[in-house]
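Asker: So the sequence lines, in the order shown, correspond to chains A and B. According to our numbering, the residues represented by the first sequence are 1 to 115, in order. According to our numbering, the residues represented by the second sequence are 1 to 115, in order.
What the hints contain is simulated information worked out from the structure, not anything from laboratory work. Hints are not guaranteed to be accurate.
What the hints assert, rightly or not - Chain A residues, not near chain B, derived (Cβ > 12 Å throughout):
#1 VAL13
#2 SER14
#3 PRO18
#4 GLY43
#5 ALA54
#6 LEU56
#7 GLY62
#8 PHE63
#9 SER70
#10 ASP85
#11 ASN102
Said to hold, decoys possible - The list that follows gives simulated cross-link-like pairs (lysine-lysine, PhoX-like), each with its CA atoms no further than 20 Å apart:
#12 LYS103/B to LYS49/A
#13 LYS103/B to LYS107/A
#14 LYS24/B to LYS103/B
#15 LYS58/A to LYS69/A
#16 LYS42/A to LYS68/B
#17 LYS68/A to LYS58/A
#18 LYS58/A to LYS103/B
#19 LYS24/B to LYS42/A
Ideal Cβ positions, reconstructed from N, Cα and C, are used throughout, including at glycine.
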Amino acid sequence: AQSVTQLDSHVSVSEGTPVLLRCNYSSSYSPSLFWYVQHPNKGLQLLLKYTSAATLVKGINGFEAEFKKSETSFHLTKPSAHMSDAAEYFCVVIDYGGSQGNLIFGKGTKLSVKP
Amino acid sequence: DAGVIQSPRHEVTEMGQEVTLRCKPISGHNSLFWYRQTMMRGLELLIYFNNNVPIDDSGMPEDRFSAKMPNASFSTLKIQPSEPRDSAVYFCASSPWTGLSEKLFFGSGTQLSVL
């Protein structure tokens, strides 16, 4: 079965400093991994996706994530945080073995950005 | 396009009452998903439709929950009778694909409180 684990429920950074949101996955085969972002009172929005084309994936708003098979990780990073990055971030994997169309969401990491 | 539209944004009801949540997917999208988000369990897929046909409802917690999609532009999620443990944010999402859904477009959600 596929699963993702987000290691931090809450991360707080200062504006202008780097962001690191950690995600580890468990998969029986080559996974398809995603990061979604949820701003307050809004629906989730796709930030970026990995589907085995390249291990370093660039997304919107300056975010990127690196797929590391040896570490079973897919951490989300950004060099310099902006106030508008404050949101909840979800690491997601497609469950190929389960129901068609089933995305397995992590529990989420809430990012706070201090001025 | 206005995106996925959900109504109401907030619903407060008393235990035992019937609750109906509504969703209008993005025009032309072939798949529609209902998710529930709680602090304890995160995001859970309840049911999804391809071309208006329910494909998998194994995530529907109990018989009190039912979902319909009478046409390509409208879906409802009904809870009857409602219970306090149903309190959550319910998201509707749509996708232009009928296969494994890499990218979902989420509505802003309905915050349900059952007293």
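Asker: All hints are to be evaluated individually against the structure, with a verdict given for each.
Answerer: Tested hints:
Interface exclusion of VAL13/A from chain B stands, the closest Cβ pair being 23 Å apart, more than 12 Å. At roughly 26 Å, the least C-beta separation between SER14/A and chain B is larger than 12 Å, which holds for a residue marked as non-interface. Annotated as non-interface, PRO18/A keeps its C-beta farther than 12 Å from every C-beta of chain B; the closest such distance is 26 Å. A beta-carbon of chain B comes within 12 Å of the beta-carbon of GLY43/A; the shortest separation is about 3 Å.
Consistency note on ALA54/A: stated as away from chain B, and its beta-carbon is indeed over 12 Å from all of that chain's, at 16 Å minimum. The beta carbon of LEU56/A sits about 18 Å from the closest Cβ of chain B, which is more than 12 Å, so the claim that it is off the interface holds. At the 12 Å boundary, the C-beta of GLY62/A stays outside the reach of chain B, the nearest C-beta of that chain being 20 Å off. Every CB of chain B lies more than 12 Å from the CB of PHE63/A, the least distance being 16 Å, so the non-interface label holds.
No beta-carbon of chain B comes within 12 Å of the beta-carbon of SER70/A; the shortest separation is about 25 Å. Here ASP85/A stays apart from chain B, with its beta-carbon at least about 19 Å from theirs, past the 12 Å limit. Not every CB of chain B lies more than 12 Å from the CB of ASN102/A, the least distance being 6 Å, so the non-interface label is violated. For the proposed pair LYS103/B and LYS49/A, the alpha carbon gap of about 9 Å is at most 20 Å, so the pair holds.
With a C-alpha separation of about 19 Å, the suggested pairing of LYS103/B with LYS107/A holds against the 20 Å cut-off. Distance check on the hinted pair: LYS24/B and LYS103/B sit about 17 Å apart at the alpha-carbon level, within 20 Å; holds. A C-alpha spacing of about 18 Å is found between LYS58/A and LYS69/A, which places the hinted pair at or below 20 Å, so the restraint holds. Of the pairs offered as hints, the one joining LYS42/A and LYS68/B is violated, with about 24 Å between alpha carbons and a cut-off of 20 Å exceeded.
Our distance criterion of 20 Å between C-alpha atoms is met by LYS68/A and LYS58/A, whose separation comes to about 15 Å. Of the supplied pair hints, the one linking LYS58/A and LYS103/B holds, its CA atoms being roughly 16 Å apart against a limit of 20 Å. For the hint linking LYS24/B to LYS42/A, the alpha-carbon distance of about 16 Å falls within 20 Å, and the restraint holds.
In terms of the numbered hints stated before, the structure departs from hints 4, 11 and 16, listed from lowest to highest.
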